[in-house]
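Hey, can you work out the whole structure from these sequences and the hints?
There are 2 protein chains.
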Amino acid sequence: MSYVDMSAAELEALRASLEQEYASHCAKGLSLNMARGKPGADQLALSLPMLDEVNSSADLFAEDGTDCRNYGVMDGIPEAKRLMAEVMEHDQANVCVFGNSSLNIMFDLVTAGYTRGFLGSTPWCKLPAVKWLCPVPGYDRHFGITESYGIEMIPIPMREDGPDMDEIEQLVAKDEAIKGIWCVPQYANPTGITYSDEVVRRLAEMPCAADDFRIFWDNAYCVHHLYDDKRNHVADIAAACEAAGNPNRYFKFASTSKVTLPGAGIAAVAASAENIAEIKKRIGIQTVGYDKINQLRHARFLRDAAGVDALMKKHAAIIRPKFELVERMLEDELANTGIASWTNPVGGYFISFEGIEGTAKRTVALAKAAGVTMTGAGATWPLKHDPRDTNIRIAPTLPPTSELQQAMEVFICCVKLAAVEVLLAR
Amino acid sequence: MSYVDMSAAELEALRASLEQEYASHCAKGLSLNMARGKPGADQLALSLPMLDEVNSSADLFAEDGTDCRNYGVMDGIPEAKRLMAEVMEHDQANVCVFGNSSLNIMFDLVTAGYTRGFLGSTPWCKLPAVKWLCPVPGYDRHFGITESYGIEMIPIPMREDGPDMDEIEQLVAKDEAIKGIWCVPQYANPTGITYSDEVVRRLAEMPCAADDFRIFWDNAYCVHHLYDDKRNHVADIAAACEAAGNPNRYFKFASTSKVTLPGAGIAAVAASAENIAEIKKRIGIQTVGYDKINQLRHARFLRDAAGVDALMKKHAAIIRPKFELVERMLEDELANTGIASWTNPVGGYFISFEGIEGTAKRTVALAKAAGVTMTGAGATWPLKHDPRDTNIRIAPTLPPTSELQQAMEVFICCVKLAAVEVLLAR
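If you read the sequences in order, they're chains A and B. Counting in the working numbering, the first sequence runs from 1 upward without gaps. Counting in the working numbering, the second sequence runs from 1 upward without gaps.
It should be emphasised that the hints constitute simulated quantities derived from the structure, not laboratory data. Among the hints, a few may not be true.
Note: identical chains are not told apart, hence a pair may lie in one copy or across any two.
What the hints assert, rightly or not - Computed cross-link-like contacts, BS3-like style, restricted to lysine-lysine with a CA-CA straight-line distance of at most 25 Å:
| id | residue 1 | residue 2 |
| --- | --- | --- |
| 1 | Lys-230 | Lys-314 |
| 2 | Lys-384 | Lys-131 |
| 3 | Lys-230 | Lys-384 |
| 4 | Lys-174 | Lys-28 |
| 5 | Lys-131 | Lys-174 |
| 6 | Lys-281 | Lys-28 |
| 7 | Lys-131 | Lys-368 |
| 8 | Lys-384 | Lys-361 |
| 9 | Lys-384 | Lys-280 |
| 10 | Lys-368 | Lys-28 |
| 11 | Lys-361 | Lys-28 |
| 12 | Lys-368 | Lys-384 |
| 13 | Lys-281 | Lys-368 |
| 14 | Lys-174 | Lys-314 |
| 15 | Lys-313 | Lys-230 |
| 16 | Lys-28 | Lys-314 |
| 17 | Lys-361 | Lys-313 |
| 18 | Lys-131 | Lys-230 |
| 19 | Lys-384 | Lys-281 |
| 20 | Lys-280 | Lys-314 |
| 21 | Lys-28 | Lys-230 |
Structural data, given as structure tokens:
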């Protein structure tokens, strides 16, 4: 029965029973964490053989003869560039493999726009105002970067096929202060949707008042399929931008963080020849170079896109049941209650949950008090401000299945309790 | 005999003979490189056992229980922090261990000053002018960072005991646009000198017009002694700044680049509690974290300061003969010619060479044409502009001894030829 059709008396009775259930959860003394998109221990074990690829008796020279033990090479050893170029479907000549964090590459590029400008444009720090498009719900750490530079963030509603292009086109056409957009175009964080070909084309083609408008194309989940038979594949923003005559409009990012070992992976940026030349010039000032030994380790372990795909199937076999468990529990407990909706992604790392207005913060606080840490409510919005207070990001991968089930029991109880509280207060 | 006392006829005769010698060098078709301070292959081999410390069967948890295979920990695992705190002689609580490049930490901190300011100061990008003190000769990559932000660099003469403190004190007292100074305080790059206790104290105590003046204390060679019985040890800038009531004035840097594997090492920053708190806040936005697996590898291999010292003695045994060879050849061939002076460092990676005015560029060009690549003349000055064109940085570590000897024969011939050319043109 839908909660919204219940009488006050029915809701009161429901609250009493939910409060009792909640108290019993609290009594368990749980300590469970679904806050971040972290792989579980069994996933991490998949990549341990990688650590044996490079040891004291290994050949430590890259295929072009570079001694990976010494200084030198700013943009990645050839085999690592080839690997990431395959994964990113990009011309290897315009791919740079850097350190362990694609988020760090994005931070550095926003910083570069802010301090140096792109391809001769005015550095953003010299402008009176800079704005950024933020499809919501989105990735909190993206928003954290633009927030840290005082950039005004404009939330853009997400549709089934990507961000609202009508709104975006209207905004960028007339406002040259808008310098960029955050995109997770495939298996988006947190909604799991993949941008349609039309959205990709329109992003590439739209007239922008700012010459230095940049699409930050964080294809973090490009190889993160949950189902073999239901794979998404986002169109290539590079090809679309070139075809549209805007070849410098995008930066593509990817990493092996959720392929091999998070924090000990390799990350890459792909862009136009002009953008890459500018990036390389800056990097030559910014660092002595990146860890080539780790690049070698990855290239030898993963080999190529097929090697990555084989490994990702093993990941999927581990995490697919977790996603299915969460979706089944949500369906069993919340379908037809009228108080919740959620996504059923076929890839990526998250399920996006929508409660009724004014319940997300309360739900997360209730869960926290019962020992279940969720991603903070509001985190999926710029400045952590979800104006309707509805969205919660569920990250099912880290906990073992038994813990996940416990955590979801608590979460669902909290969702119901928060909804009943709000409905009674109406 | 001193070249400067020679008659024109004697110089002409000398030139003819030097040109003949030079032609014979050119005929050898050499390809030798003394351009950068890179360890030689036998040095790199010393750290290969490190690669076996972490393999697929190793315990991959840090001593505080952190799973080094997953996300998390922004400031370094405890054992890596303890190791670097020992090396840097700093309170472990105020040390952060980051990625593979201390230069990158410095770049990020200059960037932070430029974009965010320090501890509430005005971001430098909002100021009409920013200036920086650059002891010369110095490290080209330091100067490259400040140059890239359009910061005006003021050369400060280096003395036997550090930079000219009279000049520095006068400048910083009255000019609040001066925001920092580059220092390599022990076995300086390239002169090899170590700052005296008095210089350290005066840097810490001097009144600065700018509240946000920062000493970038790049103690890159803190453990790089060439002789067991002739060790330098620079006074601690942190203690001096605290004693002077300027606890936030410095950032200390170190890395294992020339201890283990350059490019695949770990790097650290040490500072006051206030500065470290600000750094941690920024880092939480800037990256997903650094490579904890590599931190673990280093901590287990090096263990502690004593472990580092034992390894550095092995390095010294390899490179000391190279320094001695260079110094002996310079002495044999150039002593009493009046056209050259050089340093005889007891640590670090470089010998600093001074020719007569107007000869450095020509010397390096001659050597290059004969197949011997030296550090570019002028590189040791801001904007690569050595106003008297005298200084050349000699980096003896990379070539095997036989090649080093050949390279130095060429170099010395070029020094003489360039000097004779200049003397004849006077």
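Results for each hint:
{"no.": "1", "hint": "Lys-230 with Lys-314", "result": "within (16 Å within a copy, 57 Å between copies)"}
{"no.": "2", "hint": "Lys-384 with Lys-131", "result": "within (17 Å within a copy, 38 Å between copies)"}
{"no.": "3", "hint": "Lys-230 with Lys-384", "result": "neither (32 Å within a copy, 58 Å between copies)"}
{"no.": "4", "hint": "Lys-174 with Lys-28", "result": "neither (56 Å within a copy, 65 Å between copies)"}
{"no.": "5", "hint": "Lys-131 with Lys-174", "result": "within (12 Å within a copy, 38 Å between copies)"}
{"no.": "6", "hint": "Lys-281 with Lys-28", "result": "neither (56 Å within a copy, 34 Å between copies)"}
{"no.": "7", "hint": "Lys-131 with Lys-368", "result": "neither (34 Å within a copy, 50 Å between copies)"}
{"no.": "8", "hint": "Lys-384 with Lys-361", "result": "within (11 Å within a copy, 57 Å between copies)"}
{"no.": "9", "hint": "Lys-384 with Lys-280", "result": "between (34 Å within a copy, 20 Å between copies)"}
{"no.": "10", "hint": "Lys-368 with Lys-28", "result": "within (13 Å within a copy, 74 Å between copies)"}
{"no.": "11", "hint": "Lys-361 with Lys-28", "result": "within (22 Å within a copy, 76 Å between copies)"}
{"no.": "12", "hint": "Lys-368 with Lys-384", "result": "within (17 Å within a copy, 58 Å between copies)"}
{"no.": "13", "hint": "Lys-281 with Lys-368", "result": "between (47 Å within a copy, 24 Å between copies)"}
{"no.": "14", "hint": "Lys-174 with Lys-314", "result": "neither (47 Å within a copy, 65 Å between copies)"}
{"no.": "15", "hint": "Lys-313 with Lys-230", "result": "within (13 Å within a copy, 59 Å between copies)"}
{"no.": "16", "hint": "Lys-28 with Lys-314", "result": "neither (33 Å within a copy, 57 Å between copies)"}
{"no.": "17", "hint": "Lys-361 with Lys-313", "result": "neither (35 Å within a copy, 58 Å between copies)"}
{"no.": "18", "hint": "Lys-131 with Lys-230", "result": "neither (36 Å within a copy, 58 Å between copies)"}
{"no.": "19", "hint": "Lys-384 with Lys-281", "result": "between (35 Å within a copy, 17 Å between copies)"}
{"no.": "20", "hint": "Lys-280 with Lys-314", "result": "neither (35 Å within a copy, 35 Å between copies)"}
{"no.": "21", "hint": "Lys-28 with Lys-230", "result": "neither (38 Å within a copy, 64 Å between copies)"}
Violated hints for the displayed structure, listed by number in ascending order: 3, 4, 6, 7, 14, 16, 17, 18, 20, 21.
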